[in-house]
Amino acid sequence: GAVVSQHPSRVICKSGTSVKIECRSLDFQATTMFWYRQFPKQSLMLMATSNEGSKATYEQGVEKDKFLINHASLTLSTLTVTSAHPEDSSFYICSARGQGRGEKLFFGSGTQLSVL
Amino acid sequence: DAKTTQPPSMDCAEGRAANLPCNHSTISGNEYVYWYRQIHSQGPQYIIHGLKNNETNEMASLIITEDRKSSTLILPHATLRDTAVYYCIVRAPRQTGANNLFFGTGTRLTVIP
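Protein chains in written order, with this note's numbering: chain A, 1 to 116; chain B, 1001 to 1113.
Bound-form chain B, shown alone (with noise of 0.2 Å):
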């Protein structure tokens, strides 16, 4: 699976926009872009998850550079219950070996009152 990259921390305004950034540059033509988050001491959560093109559901929209190298997952209105760990995850579907989700760090996003 290729690499991500995510910075560890960001804030954002309770009902402004929340914009995370992760870069994957080494990302294969045949890879993914997925999304999780993570709310303190709960399991991890699916939001969204695209190849080429921008994608939109109930939660939040995710946006991949025509280059495919980075994406940015929006949270249009944060609320304080978006406050959680963020994971930028990409693998290609099917995969011989493990069919898992490689974790990496995530960014962890504050919700600010």
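Okay, chain A solo, but in the shape it has when bound (with noise of 0.2 Å):
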């Protein structure tokens, strides 16, 4: 099956830094990436949808200068969670949707950030 790689599957950072995740798609070209956060105990919730060359959309409540999303190119969408700060603690968690794959979403195996 497809593979969707995200990286670092883990950081810690101390609260003001920035974090930046990113999520490849390995062997198909993602036309449309989903950023989801996941805090304990609770379901994904989307944070935004990237296409390739244009700008993402958030959804409500997503500050769009604190989480910002690139995606570049058909193979790379990256998360950057800027000044982060201990609220910002969570599991993210991104998927793919690629051309010729149906309507099949694969999902990366999410990144644990802990900000201290």
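A couple of the hints might just be wrong.
Claimed, not checked - Pairs of lysine-lysine residues, derived as DSSO-like cross-links and limited to a Cα-Cα distance of at most 30 Å, are as follows:
no., chain 1, residue 1, chain 2, residue 2
1, B, K1069, A, K104
2, B, K1052, B, K1069
3, A, K14, A, K64
4, B, K1003, A, K41
5, A, K64, B, K1003
6, A, K20, A, K41
7, A, K66, A, K14
8, A, K104, A, K66
9, A, K55, A, K66
10, A, K66, A, K41
11, B, K1052, A, K104
12, A, K41, B, K1069
13, B, K1003, A, K104
What the hints assert, rightly or not - Here are a few chain B residues that face chain A, going by a calculated C-beta distance under 10 Å:
no., residue
14, C1012
15, N1019
16, P1021
17, P1044
18, H1049
19, L1101
Please keep in mind that the hints were generated in silico from the structure rather than gathered at the bench.
Ideal Cβ positions, reconstructed from N, Cα and C, are used throughout, including at glycine.
Assembly of the complex is requested from the two constituent chains, each provided in isolation within its own frame, with the hints serving as guidance.
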């Protein structure tokens, strides 16, 4: 099946620093990628949708200046958490939908962000 | 997307079949039923999807009622590694707006040795 690679799997940072998370589609071109956030014992919540070559669409309540998304190529999307604070600590997951892959979404393995 | 209702948790003995129900009484004619699962601290994993007919693959079987208002995911021989949260999702293909999958609360399946 299609593979989506997400890196890093875990990151610990100090409050006020920025963290970049990468999401790569390894064997297909991802026209659309999605970024989710998941707090402990809760379900996945969509943060934003990014389409290659255009600006991301953010869900209501998600600050676009804080969560910067770049989808510059068909195989890579990045999420940068700027000026991270402890309340940003969460499990971040990306997913991708590829050309010719039907309606299935393929998910990365997730990134556990801990802000001290 | 149609709303789905799943039991919050279920137990299943190892080696037995796990039957996970999902109600989607407001499903529209063009909406598919998808099943994903999420093992602790990992990203969701696609299991199976269907529209009207029952489906089977190497992981599971999907039984959809004739009126399509409910479905059941069947893991024929549950193993300890099947312990996870299982999400039932319904959506139409190529919806305008967000083309994401909306994850509800799912069913936490625990396979017991």
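Evaluation of the provided hints:
Between K1069/B and K104/A the CA atoms are separated by roughly 21 Å; this keeps the pair inside 30 Å, and the hint holds. Of the pairs offered as hints, the one joining K1052/B and K1069/B holds, with about 11 Å between alpha carbons and a cut-off of 30 Å not exceeded. For the hint linking K14/A to K64/A, the alpha-carbon distance of about 21 Å falls within 30 Å, and the restraint holds. Distance restraint check for K1003/B and K41/A: the Cα-Cα separation of roughly 20 Å lies within the 30 Å cut-off, and the hinted pair is therefore satisfied.
Under the criterion of a C-alpha separation no larger than 30 Å, the hint pairing K64/A with K1003/B is consistent with the structure, at around 28 Å. For a cut-off of 30 Å, the pair hint linking K20/A to K41/A stands: about 24 Å separates their Cα positions. Straight-line distance between C-alpha atoms of K66/A and K14/A comes to about 16 Å, which keeps the hinted pair within the 30 Å bound. At roughly 29 Å between alpha-carbon atoms, K104/A and K66/A fall within 30 Å of each other, so this suggested pair holds.
Under the criterion of a C-alpha separation no larger than 30 Å, the hint pairing K55/A with K66/A is consistent with the structure, at around 15 Å. For the hint linking K66/A to K41/A, the alpha-carbon distance of about 24 Å falls within 30 Å, and the restraint holds. As the CA atoms of K1052/B and K104/A are separated by approximately 17 Å, the hinted pair is consistent with the 30 Å bound. Of the supplied pair hints, the one linking K41/A and K1069/B holds, its CA atoms being roughly 28 Å apart against a limit of 30 Å.
At roughly 19 Å between alpha-carbon atoms, K1003/B and K104/A fall within 30 Å of each other, so this suggested pair holds. For the restraint placing C1012/B at the interface with chain A, the shortest Cβ-Cβ distance is roughly 21 Å, beyond the 10 Å limit, so the hint is violated. For N1019/B, the suggested interface contact is broken, since its CB lies about 22 Å from the closest CB of chain A, more than 10 Å. Because the closest C-beta pair between P1021/B and chain A is about 18 Å apart, greater than 10 Å, the hint is violated.
Taken as an interface hint, P1044/B checks out: its beta carbon lies about 5 Å from the nearest beta carbon of chain A, inside 10 Å. Contact between H1049/B and chain A, as hinted, is supported at the beta carbon level, the nearest pair being about 7 Å apart and thus within 10 Å. For L1101/B, the shortest C-beta to C-beta distance to chain A is roughly 6 Å, which falls under 10 Å, so the interface hint holds.
Figure legend: structure checked against the earlier numbered hints; hints not met, in rising order: 14, 15 and 16.
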